[in-house]
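**Student:** Same order as they appear, the protein sequences are chains G, Y and C.
Per the working numbering, the very first residue in the first sequence carries number -2; after that it's consecutive.
Per the working numbering, the very first residue in the second sequence carries number 12; after that it's consecutive.
Per the working numbering, the very first residue in the third sequence carries number 17; after that it's consecutive.
Hints were generated in silico from the structure; no laboratory data involved.
Just to be clear, a hint being listed does not mean it is correct.
[Stated by the list, open to error] For each label pair, taking beta carbons as the anchor points, the in silico distance ranges come out as:
#1 485(C) x 241(Y): 52 to 62 Å
#2 212(C) x 64(Y): 53 to 63 Å
#3 496(C) x 120(G): 52 to 62 Å
#4 50(Y) x 201(G): 57 to 67 Å
#5 453(C) x 38(Y): 22 to 32 Å
#6 72(Y) x 485(C): 49 to 59 Å
#7 569(C) x 90(Y): 45 to 55 Å
#8 485(C) x 50(Y): 31 to 41 Å
#9 456(C) x 38(Y): 20 to 30 Å
Glycine residues also receive a C-beta, built at the ideal position from the N, C-alpha and C atoms.
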Amino acid sequence: MPASATVRPEIQFATLEQQGDTAQLGMWAFLVNETLFFGALIFTYFIYRISYPHEFAVAAKDAVLWCGSVNLAILVTSSLTMVLAINAAAQGEPRAMKLWLLATLALGCIFLLIKGYEYYQDFQDKVVPVVNYEAKPGEGSAGELFWVFYWVATGLHAIHLTVGIGLVLYMLLWRIRRGEITPAYYAPLEVVGIYWSFVDTVWLFLYPCIYLVGRS
Amino acid sequence: MYRWIPFWPDTAAVNAVAVNNLYVAELGLSALIMATVFGMMLVFCIRYRQGSAVSRADRVQKTWHFEIGWTTATLGAFLILFVWGAAIYVWLFQVPPSDEEVYVVAKQWMWKTEHPGGQREIDALHVPVDKTIRVVMASEDVIHSFFVPAFRIKHDVVPGTLETIWFKPTKTGTFKLECTQFCGLQHATMQGDVVVMSGPDYARWLTQQGVHESLAEQGEAVFRAHGCSGCHDANSTVHAPPLAGLYGTYVHLQDGSVRLADEAYIRDCILTPRSFTVAGYPPVMPDFSGQLGEDDLMKLVAYIKSLGRQESGR
Amino acid sequence: MSTTTLERVPAAEPGAETEPSYLTAEHTVASWLFTRDHKRIALLFFASITFFFFVGGFAATLMRLNLATPGGLLQPAVYNRMFTMHGIIMVWFFLIPSIPTTFGNFFIPLMIGARDLAFPRVNLGSWYVFNLSGLVVLYSLIMGGADTGWTFYTPLSTVYANGYVFAAAMAVFINGFSSIMTSLNFIVTIHRMRAPGMTWMRLPLFVWAIYAVSVVMLTATPVLAMDTFLLAVERFVGVGLFDPNHGGDPLLWQHMFWFYSHPAVYIMILPAMGVVSEIIPCYARRPIFGYSGMTMALMAIAILSFFVWAHHMFVAGISVYAGVVFSLMTFFVAVPSAIKVFNWTVSLHKGRISFDAPMLYALSFVLLFTLGGVTGLMLATLGIDVDVHGTYFVVAHFHYIMVGATVSAFFGALHYWWPKLTGRLYPEIWARFAAILTYVGFNLTFFPQFILGYLGMPRRAYTYPAEWQPWNLLSSAGASILAVAYLLPLFYLGWSLFWGRKASANPWRATGLEWATSSPPPQHNFERTPVVTLAPYCYDPQRDTYVTQEGVPHAG
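Start from the sequences and build out the full structure, keeping to the hints where you can.
**Tutor:** As structure tokens, this is what we get:
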């Protein structure tokens, strides 16, 4: 296992510690930006939900509850496995770290598979605006707005999750392979972990918006 | 009163007089601020230029006194302007009891105006002087904006709802009507004339328009043609809210909210009844979205208003 | 605090050439296109925004030529697309990136004593994303342009417009990511990479301004990204988010758009304020008046800018009470700006003032910003706004701020830092002439527009009633003078690159850290880590001496 001495800070940093702290601050700043991005979308959703509560409840009946709920459980678990991976990195247990990262990766991929199946189901249920949308009785024209939100929100979320999967793969196949993640310096993994947790949190907010409308 | 100021636009309504005074006050304050800043800059630049021998000793070190001083002064001046402007705004946009009503439908790229007696105009609006005129506006397509510079009154005309404004002209004449919200290709030429006439002239003008049916009568025809009377007639077997005396009252809706039955409310009920079901009534009214143009909606509104009204509290 | 010590190398005289300058260190095209050096990236950005300045300026030229007579020059459809593209390009492809991506990129690391920004690759990535968005907007322009106004009001933009709205909206969407990448970089850099002794209250005001602007950019731009994304979805797919015929609300678009676009106008002015705060102390040879007040004013403007957006909607159909609240908030946000104006003016008191081109631009900024500001007060005043909203009064107001103030500050920065960027001095006489010509041409162009607006001329109009021609003609004439004033620097600055006098490390005898290294700087900025012991602007006008931020005193 190559020694950590081969990892040098970039030219603009004095120490690895400064580099790591800076990377983490960068990721948090990026997440502020992402929060406002999804926040603007969720805000728009609520404006229309408050204006058309009945129509939204009718339209949302077609949301596949089991898919959303299982996916919620999957993502929350994947955040746990990610934290365990980081913990293993800090403790200097590379094997455990790789296993927990693989678990995170697997859970992320399963999420996408279930999402893909759900999209297929949505197609069958004819809830794709403009493509094959069929309004149910009582929905009016506002019900379609629920589904616009659904496709935009879950689509964007899936893209973000895919990026997260890519980052985990990058960690596994590049940084860890080259021995660049050690107890002395594992900031890149922490940065990916922060991002992953954010993707999980977004789903936590999207879940009630999509799957719990009118089900209380 | 302000005609001595060069480039001063016409002042032809009570609204405009109030705005004039405020504007002149702000012009004065602005001139004062500009003079102070420019004056200080000029004096300092000359007195303390590189070559001058004036003493630079004893520069002010404690800046807080000055900063708090001019911050407080500016905040004080600003708050006065704010209150003054807000008072005018609130007065401008709360429609008082009116003497005359007109309906305006804006579309790309013309102004269609209708009087309650059924008189219609394109790109023109005849009104009597010294009367409070209530203007109910709808757009058929995009957002327009109804602006009469001489009256200093402006409001956007937004599709999907009705906007109401008022003005009271103080002198006769012809005044420009402009569209000030970009609405497409011919936005720049979407202009009209507001013609203010004396009372007798206006009355004469109304009779000369060759109109046989008032707006409310036309509305009644639309009402029957679209089957509204099937439910809302007094003899109907369907349990539907009565429309006589509706306008101007407060309506309790199914979801617990209360709305004033003004023009916009009536329009909303016709187009999206499901969202405005009245408490105690079944949600069975069909929605007419896409079936009625703004012209027809205006006529229906006029008709329902004619069925007896409480004077609007707005 | 995580300021750290870099390895120390024996001290060298600033200006001594032990390392090649960033310009000559590498020569290949690839070394420029794949650089990580913030200084080179700044020049890359400079090329891009200058290009778009001239594209937007060309559109403006056509507009003013058209408006010189009521009969006009352009077909209505063409004019409508010209003013839309002028707005989009000038706002997102020139004004917003202008000072931050050029002078911010170049000088933030230098001013705080760092070797580069925190994330050099993100910096380069930002430039590529910017150019990608530029390609999309050029595509939109060449195909005929969008015709909705830069504000994309619905349902005109989503349902009725015939132009290339989708492409324009996507260009803005992509452009937003460039803003986000740059601002994120600045925030993190300023937090984590200051040299030893460079505490927050010793930062130059330009750094504070870039910090404030970056906070606004990072938080406001994602909202714009979502807005344009939803607009594009609506335009492309035809659902009813903003279309009243499908249950949507046109006012929702306006609220969301202005929630970003009002902070955006502060994004455009804050860096310019920072530049002016650098120039005035240097050319008045005295410290800025009220340094901490100035920093607080910058942050107050940044924060308050988020609470005033609906002042663009006073006559749009919002409730009267909402109008009142937003008017009050707008007056509040005007207060810190007023404080800054007073502080700049009093920063001339008991100074030793010289009138080199940067100072002329800075003084011009103060006057034009103040005039734009007092007309802003008029717009904040509800009773007056009802009258002048949507007219040329508003057009004049925002051009006074965005062009009169910001562009003047941009040119001031360009002249002030020209020696540091290029190692050459510009010809002073020509530069002063250009500065004065700018001021004259600008006022001639835009002051008549206040009058036109009050007389009732609507904005976004390709023609007008004949009685308003004299003012329009005057405005167009002024625009031709302004065009010359903006083109002049191209020539004499270009000349100076080859034949200008070589500049020393600190030709203006300024106190900032950027002047403690050679002109132009070496690739890694400093031969040795600066250690900061003083606040900025330690000029003494009484003795006509100054002390740099590292505590090195200089006579005369």
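**Student:** Now tell me, hint by hint, if it's right for this structure.
**Tutor:** Hint check results:
For the pair residue 485(C) and residue 241(Y), the supplied restraint of 52 to 62 Å holds, since their beta-carbon distance comes to about 59 Å. Roughly 41 Å separates the CB atoms of residue 212(C) and residue 64(Y), a value that falls outside the hinted 53 to 63 Å. Distance hint check for residue 496(C) and residue 120(G): the Cβ-Cβ separation is about 60 Å, which falls inside the suggested range of 52 to 62 Å. A hinted range of 57 to 67 Å for the beta carbons of residue 50(Y) and residue 201(G) is consistent with their spacing of about 60 Å.
A hinted range of 22 to 32 Å holds for the C-beta pair residue 453(C) and residue 38(Y), which are about 28 Å apart. In this structure the supplied range 49 to 59 Å holds for residue 72(Y) paired with residue 485(C), their Cβ-Cβ distance being about 55 Å. Checking the proposed 45 to 55 Å range against residue 569(C) and residue 90(Y) shows it holds: the Cβ atoms sit about 47 Å from each other. The hint said 31 to 41 Å for the Cβ distance between residue 485(C) and residue 50(Y), and at roughly 35 Å that hint holds.
For the pair residue 456(C) and residue 38(Y), the beta carbons lie near 23 Å from each other, so the given range of 20 to 30 Å is met.
The earlier numbered hint that this structure contradicts is number 2, and it is the only one.
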